[in-house]
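These are the residues of each chain, in order.
2 protein chains.
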Amino acid sequence: MILTNIAARAEFSEEKMGKLTLAKGGYLYAGLNCFLPGQEHKAHTHEGQDKMYVILEGSGEATVGEHASQVTTGDLVLAPSGVVHSLRNTSAANLVVLVVFAPPPSK
Amino acid sequence: MILTNIAARAEFSEEKMGKLTLAKGGYLYAGLNCFLPGQEHKAHTHEGQDKMYVILEGSGEATVGEHASQVTTGDLVLAPSGVVHSLRNTSAANLVVLVVFAPPPSK
Numbered sequence: 023m024i025l026t027n028i029a030a031r032a033e034f035s036e037e038k039m040g041k042l043t044l045a046k047g048g049y050l051y052a053g054l055n056c057f058l059p060g061q062e063h064k065a066h067t068h069e070g071q072d073k074m075y076v077i078l079e080g081s082g083e084a085t086v087g088e089h090a091s092q093v094t095t096g097d098l099v100l101a102p103s104g105v106v107h108s109l110r111n112t113s114a115a116n117l118v119v120l121v122v123f124a125p126p127p128s129k
Numbered sequence: 023m024i025l026t027n028i029a030a031r032a033e034f035s036e037e038k039m040g041k042l043t044l045a046k047g048g049y050l051y052a053g054l055n056c057f058l059p060g061q062e063h064k065a066h067t068h069e070g071q072d073k074m075y076v077i078l079e080g081s082g083e084a085t086v087g088e089h090a091s092q093v094t095t096g097d098l099v100l101a102p103s104g105v106v107h108s109l110r111n112t113s114a115a116n117l118v119v120l121v122v123f124a125p126p127p128s129k
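Protein chains in written order, with my numbering: chain A, 23 to 129; chain B, 23 to 129.
Don't take each hint at face value.
Under the rule of at most 20 Å between Cα atoms (straight-line distance), these lysine to any residue pairs were calculated in the SDA-like manner [stated by the list, open to error]: (1) Lys-46(A) <-> Gly-104(B); (2) Lys-46(A) <-> Pro-127(B); (3) Lys-64(B) <-> Gly-87(A); (4) Lys-46(B) <-> Gly-87(A); (5) Lys-46(B) <-> Thr-85(A); (6) Lys-46(A) <-> Phe-123(B).
Label pairs and their in silico Cβ distance ranges [stated by the list, open to error]: (7) Leu-58(B) <-> Glu-79(A): 23 to 29 Å; (8) Gly-48(B) <-> Glu-33(A): 29 to 35 Å; (9) Thr-95(A) <-> Gly-87(B): 27 to 33 Å; (10) Ser-128(B) <-> Glu-83(A): 32 to 38 Å; (11) Gly-87(B) <-> Ala-30(A): 20 to 26 Å; (12) Glu-37(B) <-> Pro-127(A): 38 to 44 Å; (13) Ser-128(A) <-> Gly-87(B): 25 to 31 Å; (14) Glu-36(A) <-> Ser-35(B): 47 to 53 Å.
Here's a subset of chain B near chain A, in silico, CB distances under 8 Å, partners left out [what the hints assert, rightly or not]: (15) Ile-24; (16) Ile-28; (17) Ala-29; (18) Gly-40; (19) Leu-44; (20) Gly-48; (21) Gln-71; (22) Val-76; (23) Val-86; (24) Ser-103; (25) Leu-120.
Hints are computed from structural coordinates only; laboratory data are not their basis. Even glycine gets a Cβ: it sits at the ideal position worked out from N, Cα and C.
So here's chain A without its partners, still in its complex pose:
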């Protein structure tokens, strides 16, 4: 499966962070998380699943465990299984993030 210009597929919602699926295999899931200014994915953990963010467009603040950092286009965040993490659009522009889970979500 070859998908062109994945960031251009972003879908936003005033209500909450937009989510969509890009590709899924037996071992790996890829999708987009799409944040309008001020939107966030609050601190949470995934047990038995690693999660990776790659910032495709925009900037914000990521936390992984005790560590918080500004992130921008081209940065990568890895939240290993069981480690609390969050992502927030602290900028005035849209934030588009590639999200990868392994193994894929069951639902």
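Got chain A sorted already, so can you dock chain B onto it with the hints?
Frame of chain A, contents of chain B only:
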């Protein structure tokens, strides 16, 4: 783990495609593949492992199964377990690709 500007970490070699590890969890591995003009990763398969490419810089030609396509910055390629795939830098500039494996390579 938060890594800034992952594409800037690229390492090239005249001898063959450059490879380096960015981050690794129990379920997921992320690294870079770095191609000088004309370099390629020849057709191969991974059994029991999904592989994803995200083109960070440059352009080239990807194949997945019977499908071949030009790819460029911002494109995503998923080669599910057991599906033959390859990537070649067909351009005159360097090609830098984020590579994700799930599960991680054992070596």
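Against the structure, the hints:
1. Lys-46(A) <-> Gly-104(B): 14 Å, holds
2. Lys-46(A) <-> Pro-127(B): Given that 20 Å is the threshold and the Cα spacing comes to 19 Å, the pair holds.
3. Lys-64(B) <-> Gly-87(A): 39 Å, violated
4. Lys-46(B) <-> Gly-87(A): 16 Å, holds
5. Lys-46(B) <-> Thr-85(A): Between Lys-46(B) and Thr-85(A) the Cα gap is close to 17 Å, so the pair holds against 20 Å.
6. Lys-46(A) <-> Phe-123(B): Given that 20 Å is the threshold and the Cα spacing comes to 13 Å, the pair holds.
7. Leu-58(B) <-> Glu-79(A): 23 to 29 Å: 28 Å, holds
8. Gly-48(B) <-> Glu-33(A): 29 to 35 Å: 31 Å, holds
9. Thr-95(A) <-> Gly-87(B): 27 to 33 Å: 31 Å, holds
10. Ser-128(B) <-> Glu-83(A): 32 to 38 Å: 35 Å, holds
11. Gly-87(B) <-> Ala-30(A): 20 to 26 Å: 24 Å, holds
12. Glu-37(B) <-> Pro-127(A): 38 to 44 Å: 40 Å, holds
13. Ser-128(A) <-> Gly-87(B): 25 to 31 Å: At roughly 26 Å between Cβ atoms, Gly-87(B) and Ser-128(A) fall inside 25 to 31 Å, so the hint holds.
14. Glu-36(A) <-> Ser-35(B): 47 to 53 Å: 48 Å, holds
15. Ile-24: Hint on Ile-24(B): holds, closest Cβ of chain A at ~5 Å, below 8 Å.
16. Ile-28: 5 Å, holds
17. Ala-29: 6 Å, holds
18. Gly-40: Violated. Min distance 17 Å.
19. Leu-44: Since the shortest Cβ distance to chain A is 6 Å, the answer is holds.
20. Gly-48: Status holds, d = 6 Å.
21. Gln-71: Given a least distance of 6 Å, the restraint on Gln-71(B) holds.
22. Val-76: Because about 7 Å separates Val-76(B) from the closest Cβ in chain A, which is inside the 8 Å limit, the hint holds.
23. Val-86: 6 Å, holds
24. Ser-103: It holds, given that the least Cβ distance between Ser-103(B) and chain A is near 6 Å, below 8 Å.
25. Leu-120: 7 Å, holds
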